[in-house]
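Please build the complex by placing chain B on the supplied structure of chain A, with the hints as guidance.
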Amino acid sequence: MSFQGVSISWPVLAPIVALTAGGLLVLLVDLASKAIPRGVLYGIGVASCVAAFVTMLPLYGQEQVTLNGAFASDRFSWMFDALLLLTLAVTLVLSSLRKAEDGGNAGAYAALLIFCTIGGFVMAGADNLIIIFLGIEQLSLALYVLAGTGFPREASQEAALKYVLLGSLASGFLIFGSALLYGASGGVSLGAIARAAAAPQGLFVAGFALFLVGLSFKLALTPFHTWAPDVYEGSPLAITAYMSVAVKAAAFAILARVAYTVFGHDSVALIPLWGVAILSMLVGNLGAIRQTNLKRLLGYSSIAQAGYIVVALAGVSPGGLAAMLFYLTAYAFTTLGAFAVMALLGDGSDTYAELASYRGLFFRRPWPAAAMALFFFSLAGIPATAGFYGKVLLLQQAFGGGPWGIGMAIALVFGTLVSFYVYGKVVWDMYAPAEGVAAVPSGNALAPWIAVVAGAAGTLVFGVLPQLFYASQPFLTAAVR
Amino acid sequence: MPASPWTIIAIYFIVALVVAGVISIVPGIFTRKRPTKEKLESYECGVPPTSEFLGRFPVRFYLVAMLFVVFDVETAAFYPWAVKLKELGLFGFVEMLTFIIVLGIGYAYVWKKGGFSWR
Numbered sequence: 029m030s031f032q033g034v035s036i037s038w039p040v041l042a043p044i045v046a047l048t049a050g051g052l053l054v055l056l057v058d059l060a061s062k063a064i065p066r067g068v069l070y071g072i073g074v075a076s077c078v079a080a081f082v083t084m085l086p087l088y089g090q091e092q093v094t095l096n097g098a099f100a101s102d103r104f105s106w107m108f109d110a111l112l113l114l115t116l117a118v119t120l121v122l123s124s125l126r127k128a129e130d131g132g133n134a135g136a137y138a139a140l141l142i143f144c145t146i147g148g149f150v151m152a153g154a155d156n157l158i159i160i161f162l163g164i165e166q167l168s169l170a171l172y173v174l175a176g177t178g179f180p181r182e183a184s185q186e187a188a189l190k191y192v193l194l195g196s197l198a199s200g201f202l203i204f205g206s207a208l209l210y211g212a213s214g215g216v217s218l219g220a221i222a223r224a225a226a227a228p229q230g231l232f233v234a235g236f237a238l239f240l241v242g243l244s245f246k247l248a249l250t251p252f253h254t255w256a257p258d259v260y261e262g263s264p265l266a267i268t269a270y271m272s273v274a275v276k277a278a279a280f281a282i283l284a285r286v287a288y289t290v291f292g293h294d295s296v297a298l299i300p301l302w303g304v305a306i307l308s309m310l311v312g313n314l315g316a317i318r319q320t321n322l323k324r325l326l327g328y329s330s331i332a333q334a335g336y337i338v339v340a341l342a343g344v345s346p347g348g349l350a351a352m353l354f355y356l357t358a359y360a361f362t363t364l365g366a367f368a369v370m371a372l373l374g375d376g377s378d379t380y381a382e383l384a385s386y387r388g389l390f391f392r393r394p395w396p397a398a399a400m401a402l403f404f405f406s407l408a409g410i411p412a413t414a415g416f417y418g419k420v421l422l423l424q425q426a427f428g429g430g431p432w433g434i435g436m437a438i439a440l441v442f443g444t445l446v447s448f449y450v451y452g453k454v455v456w457d458m459y460a461p462a463e464g465v466a467a468v469p470s471g472n473a474l475a476p477w478i479a480v481v482a483g484a485a486g487t488l489v490f491g492v493l494p495q496l497f498y499a500s501q502p503f504l505t506a507a508v509r
Numbered sequence: 011m012p013a014s015p016w017t018i019i020a021i022y023f024i025v026a027l028v029v030a031g032v033i034s035i036v037p038g039i040f041t042r043k044r045p046t047k048e049k050l051e052s053y054e055c056g057v058p059p060t061s062e063f064l065g066r067f068p069v070r071f072y073l074v075a076m077l078f079v080v081f082d083v084e085t086a087a088f089y090p091w092a093v094k095l096k097e098l099g100l101f102g103f104v105e106m107l108t109f110i111i112v113l114g115i116g117y118a119y120v121w122k123k124g125g126f127s128w129r
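Protein chains in written order, with my numbering: chain A, 29 to 509; chain B, 11 to 129.
Okay, chain A solo, but in the shape it has when bound (with noise of 0.2 Å):
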């Protein structure tokens, strides 16, 4: 179908069509009768999350623009729209379990994640500064008022703030970065960009600089990550495994697009992220030493986990999409199961972010403190757990990116020791004997099991079994145009 010189495929508009009508129906649901169980909006909410995921299987493997190439679904794409998917089923399921997560607003709570995720599967497939503008603020205005429906709880609030100020001037950032890119390079398309990237000039030069301030502020990566462990400590606990892992891969496919896109082997515009990935990786791990909250842990992880990610860059070799892939993919699996294990063990208070709770926690809770190890282990990086093997693709990477691949190394590695410690502690601290803890953790229910028994497979099979993510590699390979 085309209008007035613009193409538009609704095929591969389709996942996001599907996505908003379940985010409208959770809406009109919800306004039908004040007597709808919570359960049932939720429901609503995973059911349009498998019909998107059912309008994307004709989109494997294929390579298709829209909108006039504003717009692509390919292989890559289609990677991080799975991932989304996920995420968003896995948040859901993990919100339905209490209402003090959704502030007695589940339609309005859930449709807002739905509409996040749409943001983010515009984001994957962006192809051109506006639309690229137009997901990260979907995106980002969403979780704004996510982060802060919590409200009875001050942190909540403060979170939210912090969020929506800060988040603003990463916005500010990138949109007069985009509008300096559009001056030096006379378009608004990345090839248009790459062209002028091709003999950079001063404009172009401050444009990207402004660009990768946005995106990096997004990302959380140092010297941006300061508002990352006050919000996540903050926000409900669905909506905080919901940003570091959707938000991450959304931001993500962003930057990997631009600098595959863009930039090729050996570029200097991309010397600065390196150097920010190095002091992510830096100061996310020695930041995590001392915090006594598992929410703010994973905050300071997730900054860490970050800079790991910018590593599969390194060299912009098409090998490193694949680890960036493998590397978030196995995040996404680890990161949610422990999300889901606190979910579990949350009653409602606030002491189950507390880590001085977890002591201990073996003797009481076999499975769940085995689980939260298991995951534990993967961020860290142990063999046989799906981190470990995420991170020699990583160090792969780096020594094909030249000096700045070899620093990056040097801080993977160092940084994994660090988190050896971070990690390690808190695992002995369940397996230790707990004499005169106050609180306890105790909660019980079917819907994060099912998360908890998911991720810690995904971070198992990945783990052992590299090679079955790996058997699509050379689909992986190819992934961006």
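Keep in mind the hints are simulated off the structure, nothing from the lab. Among the clues, some could well be false.
[Unchecked claim] One side only, chain A facing chain B, incomplete, derived with CB under 8 Å:
no.: 1; residue: L52
no.: 2; residue: L55
no.: 3; residue: L59
no.: 4; residue: L231
no.: 5; residue: L496
[What the hints assert, rightly or not] Straight-line alpha carbon distances no greater than 30 Å define the calculated DSSO-like cross-link-like pairs of lysine-lysine that follow:
no.: 6; chain 1: B; residue 1: K43; chain 2: A; residue 2: K190
no.: 7; chain 1: A; residue 1: K127; chain 2: B; residue 2: K122
no.: 8; chain 1: A; residue 1: K62; chain 2: A; residue 2: K127
no.: 9; chain 1: A; residue 1: K62; chain 2: B; residue 2: K96
no.: 10; chain 1: B; residue 1: K123; chain 2: A; residue 2: K127
no.: 11; chain 1: A; residue 1: K62; chain 2: B; residue 2: K122
no.: 12; chain 1: A; residue 1: K190; chain 2: A; residue 2: K127
[Claimed, not checked] Which chain B residues stay away from chain A? Per the calculated CB distances, all over 10 Å, these:
no.: 13; residue: F23
no.: 14; residue: L107
no.: 15; residue: I110
Built from N, CA and C at the ideal position, the CB exists for glycine as well.
Frame of chain A; chain B shown alone:
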């Protein structure tokens, strides 16, 4: 000097910075400060102020402002569409209809949840 179109913008930036800097710094150096009670009051277009300008006010105002912006932008989108409706044809009509339906669901949601009532 190279005749790049950006030179003009650079000059504009420099002039703007210098003028703004001079205007804000010079008076601070040369004025004699003789504050009176009237001079220190917050300025409300000449009307005597009723309260401190940093006072607290209900968060509902933000809600009203936000809803206003939403519907204001909607109206701004309607005008060019209405003018060009004939050329946009059936596609443009359906497109705008979809937009109105999506917005209408949001409108209904806000209404039913009591977003418009001043509680």
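Evaluated hints:
1. L52: holds, 5 Å
2. L55: holds, 5 Å
3. L59: It holds, given that the least Cβ distance between L59 of chain A and chain B is near 5 Å, below 8 Å.
4. L231: Result: holds, 7 Å to nearest chain B Cβ.
5. L496: Interface hint status for L496 of chain A: violated (40 Å vs cutoff 8 Å).
6. B:K43 to A:K190: Violated, at about 38 Å.
7. A:K127 to B:K122: Within the cut-off at roughly 21 Å; holds.
8. A:K62 to A:K127: holds, 15 Å
9. A:K62 to B:K96: violated, 43 Å
10. B:K123 to A:K127: holds, 18 Å
11. A:K62 to B:K122: holds, 11 Å
12. A:K190 to A:K127: Between K190 of chain A and K127 of chain A the Cα gap is close to 24 Å, so the pair holds against 30 Å.
13. F23: Label holds. Min Cβ-Cβ 12 Å, cutoff 10 Å.
14. L107: Per Cβ check, L107 of chain B is outside 10 Å of chain A; nearest 14 Å; holds.
15. I110: holds, 13 Å
Checked against the numbered hints given earlier, this structure breaks hints 5, 6, 9; the rest are met.
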